[in-house]
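Peer 1: Protein chains in written order, with the numbering used here: chain E, 45 to 352; chain W, 31 to 283.
Check before you lean on any hint, since a few could be wrong.
Stated by the list, open to error - Only pairs whose alpha carbons sit at most 35 Å apart, straight line, appear in this in silico DSBU-like list of lysine-lysine:
no. : chain 1 : residue 1 : chain 2 : residue 2
1   : W       : Lys276    : E       : Lys154
2   : E       : Lys138    : W       : Lys196
3   : W       : Lys41     : E       : Lys171
4   : W       : Lys41     : E       : Lys184
Calculated from the structure, these hints are not laboratory results.
Predicted, not measured: the structure shown is a model, and the values here were computed from it.
Residues per chain are reported as follows:
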Amino acid sequence: MQPIITISGLSKTYASGLAALKDVNLEIRRGEIFALLGPNGAGKSTLINIVCGIVTPSTGTITVDGHDIATDYRAARSLIGLVPQELTTDAFEKVFNTVSFSRGLFGLGKNPAHIEQVLKDLSLWEKRDSRIMQLSGGMKRRVLIAKALSHEPKILFLDEPTAGVDVELRQDMWRMVRRLRDSGVTVILTTHYIEEAEEMADRVGVIRKGELVLVEEKAELMRKLGKKQLTLHLPEPLAAIPEDLADHHLELAKNGCELIYTYDTRGGRTGITGLLTDLAAAGIRFQDIDTSQSSLEDIFVDLVRDAA
Amino acid sequence: MNLPAIQAIYKFEMNRFWRTALQSIVAPVVSTSLYFVVFGAAVGKQSQMIDGVPYGAFIVPGLMMLSLLTQSIANASFGIYFPRFSGTIYELLSAPVSPFDIVLGYVGAAATKSILIALIILGTAAFLVPLRIDHPIAMLFFLILTAVTFSLFGFVIGLWADGFEKLQLVPLLIVTPLTFLGGSFYSIDVLPTFWWVLSHANPVVYLISAFRWAFFSKGDVGVAISMGMSALFLALCLAAVTWMFKTGYRLKS
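Isolated chain E, as found in the complex (with noise of 0.2 Å):
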């Protein structure tokens, strides 16, 4: 199937000099949730941003469904919604104006049954005829995302959704994207919480410092990258690893109860045959066994430090 979104050759360039991505070539995928990963400054907001719209690229082309985002914004553009990372609202404005002024802006007739749905499902319908300074933070967010919604895109670009949100808000968030995406609503999300990625993304980017340093399958990012750790539990604690074992590079730990051996998954072999050989001949017995798989953060942390 035809990528949603293509991104190619695109670099930016500030005006002062940063240059805030290099060269990132990217295809979203019909339907899927994207997850883009980077620390602070790394040009998440500036790809979404080139994407929306509101920055210019200093060279790259970029199709939307087909669309030209320079030569065909229109039609690019009406397919997307964007809930900004900073919580920027017309203070003075109600909420059901608002979101209906969006949904103008996108070219569309009123829809009030529609404004009302959307409003329902962000729990924002009682509060419709509120200003939106009288509104916490959190509700704001929800009317930014109201707003993105009330032209029914087919792409949703969420910056940085659940920065400065409650445990409450983050879950009802991560519902409505699962909802959206069985709609058939592309997601991308950028993100610099590791479980929010590992929640909800079908593919995650990893971009640091303007380059998209890996583009992945979530599961198989996380099987590929994924070290493992094989916790034997010892019947009786050992007071030092046995010689015989050095090559295996074991740790001890619960105060010698635990033999920890780590493995990498991209390895073809994983040396747990030989290890377990290796323990049988020394003699050592084990009452259970477990393996950790580490999470994406981890993956994450071992990434942007590697590159580094």
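Using the hints, position chain W against chain E.
Peer 2: Just chain W, lined up with the frame of chain E:
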């Protein structure tokens, strides 16, 4: 053209106008009425007639122009500056709207507001002084032309300004003096030759002159010249706005 978007912007801006009705409507009416009281009553009693028109009536077109210019500039410049300041401009920039759509929405609303205010002043004046309008169609034409031109000018200022101070700078330091010196309260024919010549470099003279002609069939300069100058200024503002959008000046990084 994205008609719903133009409507949305227009409605949004007009709502702001009604929401701040006290400031938007009452303030200009009060301050204009004060001009009438001060100039029309205090000064006017001694000077009596200018060009065969009672002084109180003579200043009406000038006062309307004064409000029209300051209101057009203030409304349009604030209208586009505030979203830039607050950050809500992101939505405008990411929406499927052309620069033309945006300008039409903002400038259309700003011009509507200033025309409404000018008409309110006209109504207020009609109560206070005997008034006649010889060429009502021409009067409306100049009203609209000036409102649109200076709303466009205000829009340019709103895009150019990078702080609230700059937003006030041009109206305060350039437009108000030009309007006061542009024959709002006198005929430039009464000036000494040097100042009379210099006044012809003041674009506002042409606007007020043409507008006054529409009321009393008498102006300081010919109507055709006035029209030409207004059109020229309109073209200049259009060119500036076009350039700003083309280059993304102060809008996009």
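Peer 1: Do the alpha carbons of Lys276(W) and Lys154(E) lie within 35 Å of each other, as the hint requires?
Peer 2: At roughly 31 Å apart (the allowed maximum being 35 Å), Lys154(E) and Lys276(W) satisfy the hint.
Peer 1: Given the hinted pair Lys138(E) and Lys196(W), is their Cα-Cα distance within 35 Å?
Peer 2: Holds: Lys138(E) and Lys196(W) sit about 29 Å apart, inside 35 Å.
Peer 1: Taking 35 Å as the top limit, are the C-alpha atoms of Lys41(W) and Lys171(E) close enough?
Peer 2: 21 Å, holds
Peer 1: Check the hint pairing Lys41(W) with Lys184(E) against an upper bound of 35 Å on the C-alpha distance.
Peer 2: 22 Å, holds
Checked against the numbered hints given earlier, the structure satisfies every one of them.
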